[in-house]
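> Residue numbers (my numbering): 1 to 329.
Think of the hints as simulated: they come from the structure by calculation, not from any bench. A few of these clues could be false.
Here are the computed lysine-lysine pairs in the DSS-like style, where the Cα-Cα straight-line distance is at most 30 Å [stated by the list, open to error]: (1) Lys3 <-> Lys241; (2) Lys200 <-> Lys131; (3) Lys203 <-> Lys241; (4) Lys124 <-> Lys109; (5) Lys109 <-> Lys123; (6) Lys241 <-> Lys200; (7) Lys124 <-> Lys200; (8) Lys200 <-> Lys126; (9) Lys200 <-> Lys123; (10) Lys245 <-> Lys200; (11) Lys3 <-> Lys200; (12) Lys203 <-> Lys127; (13) Lys127 <-> Lys109; (14) Lys126 <-> Lys109; (15) Lys123 <-> Lys203; (16) Lys203 <-> Lys126; (17) Lys245 <-> Lys3; (18) Lys124 <-> Lys203; (19) Lys200 <-> Lys127; (20) Lys109 <-> Lys200; (21) Lys109 <-> Lys131; (22) Lys203 <-> Lys3; (23) Lys203 <-> Lys245; (24) Lys203 <-> Lys131.
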Amino acid sequence: MTKLMEIDQLSIEFANASGPIQVVSGISLELEPGQTLGIVGESGSGKSVTSLSVMGLLPRGLARVAEGDIRLHGQSLLDMSESQMQRVRGNQIATIFQEPMTALNPVFKIGRQIRESIRQHSKKSKKEAHKESIILLSEVGISAPEQIMEVYPHQLSGGMRQRVMIAMAMASNPEILIADEPTTALDVTIQAQILDLMRKLQKERGTAIILITHDLGVVAEICDRVCVMYAGQIVEQGDAKSLFKEPKHPYTVGLLNSMPRFSGEMKRLQAISGQVPHPSEYATGCRFASRCPSRMDVCENTEPALYDFNNGHRCKCHLYREDTNVTHS
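Using the sequences plus the hints, can you model the full thing?
Pasting the structure below:
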C-alpha cells in the first residue's frame, strides 16, 4: 500500500547550556491511508516531541531536527517554508491535544473559533462557515449545536470541549489526525465516547490517525499498528494483535503486565522499577538496561540493533541476537 507519511531516522535535539541534548534518536515509522497508529510509552519517552516535529511546531531556538526526514506523500516536510507548513497544518494534518482548555481561546465563543478554523483553510464566507460549524458540532455528537456556538469554553465539560476540538480538527477533512493523549483528562465513560467518535469519523472520512498515549487499553481498542517508545527510541513496533499477543521487548512486557485485568485470578499488579532517565543521562548501551529484568552484560555498553521478525514486527533488544540463546515471552 502507498505510504501516506514516513518518518525516517528522525533525531531531535534540545538546546542546553552545556551543549545540545538528543531527546529523540533514530525514529522510523510509516503511516498508511486510513490506518490508526498508536505511539505508546511513559511520560518522557519522546512521544509528544515527535508529534510536534511532524507539525513543524518544535519551539524555535530551543529544539531542532538534527537528523532524518519526515515525508508526506513523499515530500519532505522539513524542506518546507513556514508558509507552506501553515497550509499543511489543518488542511492535511490536524492535531487534537490532551487538554482542550489550553488549545481553545477562553475569551472567544465556540462558534467564532470554529468559524475561524474553517475560514483559515477555505474561501467560505462567514455565513457559510457558520452553517458548516453547526454541521460539524452535530457530527461530533453535540446536541443543540446552535446553542453551543454561543457559549465560552469554560461553560462546557471536558468531554464537550474535546468534541469541539475534534470538530475543529476535522473542519478541513485532513488526511492525518494526530491525537495527543486525547482521553487522559476524561472519565472512563467519556473516554469511550471520544474513542467511538474518532472511529466513526475515521470510517466516514478515511482519515489516518496517530494516537499518542500511555494507555495500552486504548491502543488495544482502536489501533492497527503500535510503536512502543522508551527514552527517545522506538524499542518495539508491529501490528496491534501480534504485539499484544506476543510482546518481544521486556519494556513492552512490563507495560502489559502493569495493566489491571478484570477477569481471571486476582493478582498484584507488576510495576516496572525505576523511571525513564533524563535525556542527559541516556546510557551508551540499551537505555532500558537499568530497569530490565532480563539484562545481560552486553546490554550495559552496546546499543542493541533493531531485530526484524519478518512480519512487520521489530524489536530493539539484545535478547534476539543470533549469538544469544536467551528467549523472552
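> Against this structure, judge whether each hint is valid.
A quick look at each hint next to the structure:
1. Between the alpha carbons of Lys3 and Lys241 the distance comes to roughly 21 Å, so the proposed pair stays at or under 30 Å and holds.
2. Under the criterion of a C-alpha separation no larger than 30 Å, the hint pairing Lys200 with Lys131 is consistent with the structure, at around 22 Å.
3. For the proposed pair Lys203 and Lys241, the alpha carbon gap of about 20 Å is at most 30 Å, so the pair holds.
4. Between Lys124 and Lys109, the direct Cα distance comes to roughly 19 Å. Compliance with the 30 Å bound is thereby established for this hinted pair.
5. For the hint pairing Lys109 with Lys123, the CA-to-CA distance comes to about 22 Å; that is within 30 Å, so the pair holds.
6. Note on Lys241 and Lys200: the hinted pairing holds, with a Cα-Cα distance of about 21 Å set against a maximum of 30 Å.
7. Between Lys124 and Lys200 the alpha-carbon distance is near 26 Å, which keeps this suggested pair within the 30 Å criterion.
8. This hinted pair checks out: Lys200 and Lys126 have alpha carbons roughly 28 Å apart, not beyond 30 Å.
9. A hinted pair counts as satisfied when its Cα atoms are at most 30 Å apart, and Lys200 with Lys123 qualifies at roughly 27 Å.
10. Our distance criterion of 30 Å between C-alpha atoms is met by Lys245 and Lys200, whose separation comes to about 26 Å.
11. Between Lys3 and Lys200 the alpha-carbon distance is near 23 Å, which keeps this suggested pair within the 30 Å criterion.
12. In summary, the hint linking Lys203 to Lys127 is supported, as the alpha carbons are separated by about 29 Å, within the 30 Å threshold.
13. For the given pair, Lys127 sits about 16 Å from Lys109 by alpha-carbon distance, which is consistent with the 30 Å threshold.
14. For the proposed pair Lys126 and Lys109, the alpha carbon gap of about 15 Å is at most 30 Å, so the pair holds.
15. A C-alpha spacing of about 27 Å is found between Lys123 and Lys203, which places the hinted pair at or below 30 Å, so the restraint holds.
16. A hinted pair counts as satisfied when its Cα atoms are at most 30 Å apart, and Lys203 with Lys126 qualifies at roughly 29 Å.
17. Proposed proximity of Lys245 and Lys3 is supported: the alpha carbons are some 26 Å apart, at most 30 Å.
18. For the proposed pair Lys124 and Lys203, the alpha carbon gap of about 26 Å is at most 30 Å, so the pair holds.
19. Between Lys200 and Lys127, the direct Cα distance comes to roughly 27 Å. Compliance with the 30 Å bound is thereby established for this hinted pair.
20. About 26 Å separates the Cα atoms of Lys109 and Lys200, which keeps this hinted pair within 30 Å; it holds.
21. Restraint check for Lys109 and Lys131: satisfied, since their Cα atoms lie roughly 15 Å apart, inside the 30 Å limit.
22. Taking the CA atoms of Lys203 and Lys3, the gap is about 19 Å. The hint holds against a cut of 30 Å.
23. Restraint check for Lys203 and Lys245: satisfied, since their Cα atoms lie roughly 26 Å apart, inside the 30 Å limit.
24. Between the alpha carbons of Lys203 and Lys131 the distance comes to roughly 23 Å, so the proposed pair stays at or under 30 Å and holds.
Checked against the numbered hints listed earlier, the structure breaks none of them; every hint is satisfied.
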